[in-house]
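Here is how the chains run, residue by residue.
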Amino acid sequence: SQTIHQWPATLVQPVGSPLSLECTVEGTSNPNLYWYRQAAGRGLQLLFYSVGIGQISSEVPQNLSASRPQDRQFILSSKKLLLSDSGFYLCAWSVIVGQEQFFGPGTRLTVL
Amino acid sequence: SQKIEQNSEALNIQEGKTATLTCNYTNYSPAYLQWYRQDPGRGPVFLLLIRENEKEKRKERLKVTFDTTLKQSLFHITASQPADSATYLCALSVMDSNYQLIWGAGTKLIIKP
Numbered sequence: 268s269q270t271i272h273q274w275p276a277t278l279v280q281p282v283g284s285p286l287s288l289e290c291t292v293e294g295t296s297n298p299n300l301y302w303y304r305q306a307a308g309r310g311l312q313l314l315f316y317s318v319g320i321g322q323i324s325s326e327v328p329q330n331l332s333a334s335r336p337q338d339r340q341f342i343l344s345s346k347k348l349l350l351s352d353s354g355f356y357l358c359a360w361s362v363i364v365g366q367e368q369f370f371g372p373g374t375r376l377t378v379l
Numbered sequence: 002s003q004k005i006e007q008n009s010e011a012l013n014i015q016e017g018k019t020a021t022l023t024c025n026y027t028n029y030s031p032a033y034l035q036w037y038r039q040d041p042g043r044g045p046v047f048l049l050l051i052r053e054n055e056k057e058k059r060k061e062r063l064k065v066t067f068d069t070t071l072k073q074s075l076f077h078i079t080a081s082q083p084a085d086s087a088t089y090l091c092a093l094s095v096m097d098s099n100y101q102l103i104w105g106a107g108t109k110l111i112i113k114p
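Heads up: the sequence lines are chains A and B, in that order. Those letters in the first sequence? Residues 268 to 379, by this note's numbering. Those letters in the second sequence? Residues 2 to 114, by this note's numbering.
By construction, these hints were calculated from the structure, which means they are not laboratory data. Treat each hint with caution, since some may be false.
[What the hints assert, rightly or not] If you want a taste of the chain A side facing chain B, the calculated C-beta under 10 angstroms gives, among others: (1) Ile271; (2) Gly308; (3) Gly310; (4) Tyr316; (5) Val364; (6) Gln366; (7) Glu367; (8) Phe370; (9) Gly373.
[Said to hold, decoys possible] So these bits of chain A aren't anywhere near chain B, every CB distance computed over 10 angstroms: (10) Trp274; (11) Leu278; (12) Val282; (13) Leu286; (14) Glu293; (15) Ser296; (16) Gly321; (17) Asn330; (18) Pro336; (19) Arg339; (20) Ile342; (21) Ser345; (22) Lys346; (23) Leu350; (24) Ser351.
[To be verified] According to the in silico footprint, chain A covers these stretches of chain B (three or more CB under 8 angstroms from chain A): (25) 30 to 39; (26) 43 to 56; (27) 88 to 100.
All C-beta atoms in this analysis are idealised placements derived from N, C-alpha and C, irrespective of residue type, glycine included.
Isolated chain A (complex conformation):
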């Protein structure tokens, strides 16, 4: 069966510090991968998605970036965090774009 891992589960970082969140998927090949951010009481905002190794599409201009160095690994990064980067970050995968997505446990990021 397929599983998706995200770490860390929680993170508290000062403004201006770098960020690296990692997501890995097991049990499937060539998944579509997604990074979302969810603010409290809000819907999910798509940040990046990837349909293959090295292929990244950005949905929202911001100080975040994403990379997919391996088929089942997706990394979200920032060189300098802003207060507005605080939120709940979710990684997800799907077999077919537009159809059901499967989410990781999420990372709660607080920028102080």
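Start from chain A and add chain B according to the hints.
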């Protein structure tokens, strides 16, 4: 403008009754509409997907309807249980956004014993 609306107020339902949640959208022509469940501090869990040419889809105690004329989906949970308490999110997949999902803010459902 394009938007997806779900009732922002929590829905309180007595155990055993049918819970009905609404998802309305404007200015989209979705290929698919999906419903997810999200518990506090966790990622959403996929429940059901309905296609633009389908009117209704069922899975155990869950039923989804999709009216593309009204631009509305209804999500029903029959014989509701306290364990059904969660936030329920709807999401649209539209061609204009490369079929990426566009999400509603969710409705919190509380089932009282």
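Evaluation of the provided hints:
With a least beta-carbon distance of about 8 angstroms to chain B, the hint placing Ile271 of chain A at the interface is held under the 10 angstroms criterion. The interface hint given for Gly308 of chain A is met, as the beta carbon of that residue sits about 7 angstroms from the closest beta carbon of chain B, less than 10 angstroms. Residue-level restraint check for Gly310 of chain A holds (minimum Cβ-Cβ distance to chain B is 4 angstroms; threshold 10 angstroms). Of the supplied interface hints, the one on Tyr316 of chain A holds, with its beta-carbon coming within about 6 angstroms of a beta-carbon of chain B, less than 10 angstroms.
For Val364 of chain A, the suggested interface contact is upheld, since its CB lies about 5 angstroms from the closest CB of chain B, less than 10 angstroms. A hinted interface residue such as Gln366 of chain A counts as satisfied when its beta carbon comes closer than 10 angstroms to some beta carbon of chain B; here the least separation is about 6 angstroms, so the hint holds. For Glu367 of chain A, the suggested interface contact is upheld, since its CB lies about 4 angstroms from the closest CB of chain B, less than 10 angstroms. Annotation: Phe370 of chain A was flagged as interfacial toward chain B, and the flag holds, the nearest CB pair being 3 angstroms apart, inside 10 angstroms.
At about 5 angstroms, the closest approach between the beta carbon of Gly373 of chain A and any beta carbon in chain B falls short of 10 angstroms, and the interface hint on this residue holds. Residue-level check passed: Trp274 of chain A sits 13 angstroms from the nearest beta carbon of chain B, beyond 10 angstroms. Taking the minimum C-beta to C-beta distance to chain B, about 14 angstroms, the non-interface status of Leu278 of chain A holds against the 10 angstroms cut. Against chain B, the non-interface label of Val282 of chain A holds: every CB pair exceeds 10 angstroms, the least being about 24 angstroms.
Consistency note on Leu286 of chain A: stated as away from chain B, and its beta-carbon is indeed over 10 angstroms from all of that chain's, at 19 angstroms minimum. Every CB of chain B is more than 10 angstroms from the CB of Glu293 of chain A (nearest about 16 angstroms), matching its label as outside the interface. Taking the minimum C-beta to C-beta distance to chain B, about 20 angstroms, the non-interface status of Ser296 of chain A holds against the 10 angstroms cut. The Cβ of Gly321 of chain A sits about 18 angstroms from the closest Cβ of chain B, beyond the 10 angstroms cut-off, so the non-interface label holds.
Distance to chain B confirms Asn330 of chain A as a non-interface residue, since its nearest Cβ pair spans about 21 angstroms, more than 10 angstroms. Listed as outside the interface, Pro336 of chain A is consistent with that label: its C-beta sits roughly 22 angstroms from the nearest C-beta of chain B, beyond the 10 angstroms cut-off. Residue-level check passed: Arg339 of chain A sits 17 angstroms from the nearest beta carbon of chain B, beyond 10 angstroms. Remark: the non-interface label on Ile342 of chain A is consistent with the geometry, its nearest Cβ contact in chain B lying 18 angstroms away (cut-off 10 angstroms).
With a least CB separation of 21 angstroms from chain B, Ser345 of chain A remains clear of the 10 angstroms interface cut-off, as annotated. The Cβ of Lys346 of chain A lies farther than 10 angstroms from every Cβ of chain B, with a closest approach of about 25 angstroms, so its non-interface assignment holds. No beta-carbon of chain B is positioned within 10 angstroms of the beta-carbon of Leu350 of chain A; the least distance is around 21 angstroms. The beta carbon of Ser351 of chain A sits about 18 angstroms from the closest Cβ of chain B, which is more than 10 angstroms, so the claim that it is off the interface holds.
Judged by the Cβ-Cβ criterion of 8 angstroms, the stretch 30 to 39 of chain B is covered by chain A as claimed, because 3 of its residues qualify and three suffice. By the rule of at least three residues with a Cβ nearer than 8 angstroms to a Cβ of chain A, the coverage given for the stretch 43 to 56 of chain B holds, with 6 such residues. With a threshold of 8 angstroms between beta carbons, the proposed coverage of the stretch 88 to 100 of chain B by chain A holds, since 5 of its residues qualify and at least three are required.
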